[in-house]
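All chains, full assembly: derive it from the sequences and hints.
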Amino acid sequence: MLKLELYRIFGRKRTFLFLLTGLLLETVFSLRIKTVMFDGFDDDVYRYYISRLEGAYTKEKQEWIEAEYERMTERIANADEYERQYFAGEMDAEEYRRLSDEVKSAGNREKTVGYLLEKTQYYSGCKGNPEYFYDIAISDYIENMSMDFVLIFVLILLILPVFHEDYEAGTVLMVRSCAYGREKLYLYRMGAAGLVSLLTGFLFYLTEFFTKAARFDLGNLNADVKSLLNMSQSGLDLTIGEYLLLTVLIRTIYTGMAGIVIMLIANMLHSSIGAFAVSAACLFLPYFLCRYLPVWLQDLSLCSGLGAYRLFSAAHKTAGFPPAAACAAVHAIVFVPLILYQRRKF
Amino acid sequence: MLELQNIGKRYGKKTALSNINIRFESGIYGLLGPNGAGKSTMMNILADVLEPTEGKVLYDGTDIRALKDQYRLHIGYLPQKVGYYDDFTAEKTLEYFAVLRGVAKEQIRERTAEALKAVNLTENAKDKVKTFSGGMKQRLGIAVTLAADPKILILDEPTVGLDPKERKHFRGLIKGLAGEKTILLSTHIVSDIDDIADYVILLKEGKMIGAERIADAGRLVGNGENGVMSLEDVYMHYFGEGGGEC
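As you go down the protein sequences, you meet chains A and B in turn.
Going by the numbering used here, 202 is the number at position 202 of the first sequence; the sequence numbering is gapless.
Going by the numbering used here, 371 is the number at position 25 of the second sequence; the sequence numbering is gapless.
There may be inaccurate statements among the hints.
[What the hints assert, rightly or not] No farther apart than 25 angstroms at their CA atoms in a straight line, the calculated lysine-lysine pairs in the DSS-like style are these:
id, chain 1, residue 1, chain 2, residue 2
1, B, Lys527, B, Lys463
2, A, Lys3, B, Lys476
3, B, Lys414, B, Lys497
4, B, Lys527, A, Lys3
[As the list claims (entries may be wrong)] Calculated from the model, a selection of chain A residues having no Cβ within reach of chain B, i.e. all distances over 10 angstroms:
id, residue
5, Thr27
6, Thr35
7, Met37
8, Ala77
9, Gln85
10, Met91
11, Ser105
12, Glu118
13, Phe149
14, Cys178
15, Cys290
Hints are computed from structural coordinates only; laboratory data are not their basis.
Cβ coordinates follow ideal geometry from the N, Cα and C atoms, glycine included.
Here it is, written out as structure tokens:
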């Protein structure tokens, strides 16, 4: 029965059209990345210093970057003094020009080198094996993980017909008169739609990863995930590559949960347009409202699971539970009784 | 075998069926009445897709609400307005419904082929249903109900959309199926059941006028000499000339 339900979904040309269009849009949107770096961050400066620091943390590297930062702050602090000395005739023009250039350069570099210093100080006390490498794109990628709107739209379009096609095609009476056209069919349809959700989620997250990997310099994926400053409190003993795989899996599982939300709504509302609107509202509104909730409540929301990043951040621990497990438990508590109720009424 | 006890169905203030009592044994039953008489409502209740407001349906003495899928294993229902999954082939449609009707996996291929042959659709087995004409779709619906070889066949206006040749073939098919099965056939076309049905049930405005053997249909009008009246005369008596297509 599951095979036939999957055939019903994948036997339609529309399914592939929605999937391909969605994947194409996903690829296009993945070609850009929003940086989470602060104002004044200079990518060229960062690349220059990283090329000098590349590799594992050492005490010498720390001392060097501390000296660099000190030199810059000193130059900036003395800018007025250089100017006074020049106008007082205590400094010749060539020396003043050289120092002015250094002050200007220090001004441009100070914030970026300050960031590197902050990172180095974190590395010095870090329990893992952090490494220096160009990590801006990967940090941005991880920090920007959130609910994928294109994926959710595609999921709605794929899942609604699982329950609605009977009404549109006029098979509902014939199906319901069948021995297994009620509770058993409901469970198989839920299963089929769940599998479609997981598969779609997995495809989209992989597409996002490979597009970003092709478009941006994601750096050393074999480095310890603690090398990334935004993962400093993750508590995970993984490489960045393993961490990304974990987020893909977690996000895929939560996509399955989003699929359950859509299925529950699709089974409740027999109008496709109504079910589409309600599904979209139920999944997107919490995403927009989430930021106004207390952090512990945010962590339990579906959008938090769909983003995955928050679930592994120590800053978002929920009452001592790993947030991923707490989030999954909350959703199971809500969904299981609803599924059982709908199954009985189907 | 199958019995309706005090069945009534209301939609708000409108009464669709009222106080229907009848017992079905094996044989072909023609449910006759004009549009709006309550035929489809009665069929839907028998097919367990509609709950009656009053009364109960008994199968071998047990309420079908208690039997649930154990009752539905024995029925094949063709609704009046039937549709299909457009992207399925005829063969896949039969396979899908055979699985839903509980046909054993190893029997599906054989049953599907037999059912398609019975309705002359063997050559179209691999064609998508969306390419079918109205008549072909109706024949496919009949095949769907036959494929599980149910004990009870409930066919709501099964000849709608069939041309005269197909209609004749259908009658032969149904006649051939009679025997141990209970076949309920609703129609507003007298000739559909005159030839093949063993019994006729007359429905009017949600009420059962009566049920008789076809040969004794005249008794539905009164008694004595009316016993020789044809079914068509009985129909005309109750529903008039505009009441239905003869």
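Violating hint indices (sorted, rising): Per hint list: 4 and 14 violated.
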